[in-house]
Amino acid sequence: MMFAFIFPPQIRDDWPGYSLDLFSYPAHYSGDLDCVMIPHGVIMDRTERLARNIMDDLGDHAIVVLCVLKGGYQFCADLVDRIKDLSHNSSRTIPMTVHFIRLKSYLNDESTEDLHILGAEDLCFLGGKQVFLTSFTFKTIAAAPQSVHVGFEIPNRFVVGYALDYNEYFRDLNHICVISESGKMKYKI
1 MMFAFIFPPQ
11 IRDDWPGYSL
21 DLFSYPAHYS
31 GDLDCVMIPH
41 GVIMDRTERL
51 ARNIMDDLGD
61 HAIVVLCVLK
71 GGYQFCADLV
81 DRIKDLSHNS
91 SRTIPMTVHF
101 IRLKSYLNDE
111 STEDLHILGA
121 EDLCFLGGKQ
131 VFLTSFTFKT
141 IAAAPQSVHV
151 GFEIPNRFVV
161 GYALDYNEYF
171 RDLNHICVIS
181 ESGKMKYKI
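In UniProt numbering, the protein residues as written are 1 to 189.
Bear in mind the hints are in silico, worked out from the structure with no lab data behind them. Treat the hints loosely; a few may be bogus.
DSS-like cross-link-like pairs, simulated, lysine-lysine; straight-line CA separation at most 30 Å [as the list claims (entries may be wrong)]:
(1) Lys188 / Lys139
(2) Lys186 / Lys84
(3) Lys84 / Lys70
(4) Lys188 / Lys70
(5) Lys70 / Lys186
(6) Lys139 / Lys184
(7) Lys184 / Lys70
(8) Lys186 / Lys139
(9) Lys84 / Lys139
Here are the simulated distance ranges between beta carbons [claimed, not checked]:
(10) Met185 / Asp21: 18 to 24 Å
(11) Lys184 / Arg12: 32 to 38 Å
(12) Met96 / Ser19: 37 to 43 Å
(13) Val65 / Lys188: 29 to 35 Å
(14) Ala62 / Lys188: 40 to 46 Å
Predicted model, so just to flag it, every value in this text is computed and none were measured. The beta-carbon is built from N, C-alpha and C at its ideal position, and this holds for glycine as well.
Using the sequences and the accompanying hints, generate a full structural model.
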């Protein structure tokens with residue numbers, strides 16, 4: 001089966017984001033954020049669209065989900081929930097198992113280093129018949145592989161929220177936001 005790469009919505013480098021005054025967020029982060037890049041409602045809508053695309057691509061094949069902790073858990077949970085909902089409301093049920101991969105650290109801010117966890121060749125060797133990646137955000141500095149479902153292509157800015165953190169802070173934000181320089185200094189280790 002061949003997967004069709006659908007270019008994700010792109011948030012342009014020069015886009016200033018949504019004003020923080022338009023959204024609710026925890027008061028203890030006041031002054032720590034520059035803007036809301038992707039509001040929670042848009043996150044949920046795009047996650048449902050990705051779930052539909054994945055179901056279309058997989059047909060009746062079982063899914064084994066490998067979730068990267070900690071930053072990917074919220075997107076993974078929401079995506080799995082949407083796939084389950086769509087599966088229950090259709091004529092087919094897609095068997096699914098979820099496993100978790102914990103990373104000691106990851107790169108977020110203007111990094112040009114590659115992060116290699118487990119390659120598609122490794123997964124195929126372990127018994128995967130079809131392997132593709134799903135990521136809610138993908139920074140424009142990197143070239144997206146052709147076998148990937150991407151929520152949004154975003155500028156190379158330091159984003160937090162929706163389980164993405166900075167030194168274990170900001171995971172509780174519902175929106176994906178850009179951290180301010182003062183926020184980086186405040187929560188720096």
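Just pull the numbers of the violated hints for me, sorted ascending.
-> 2 and 11
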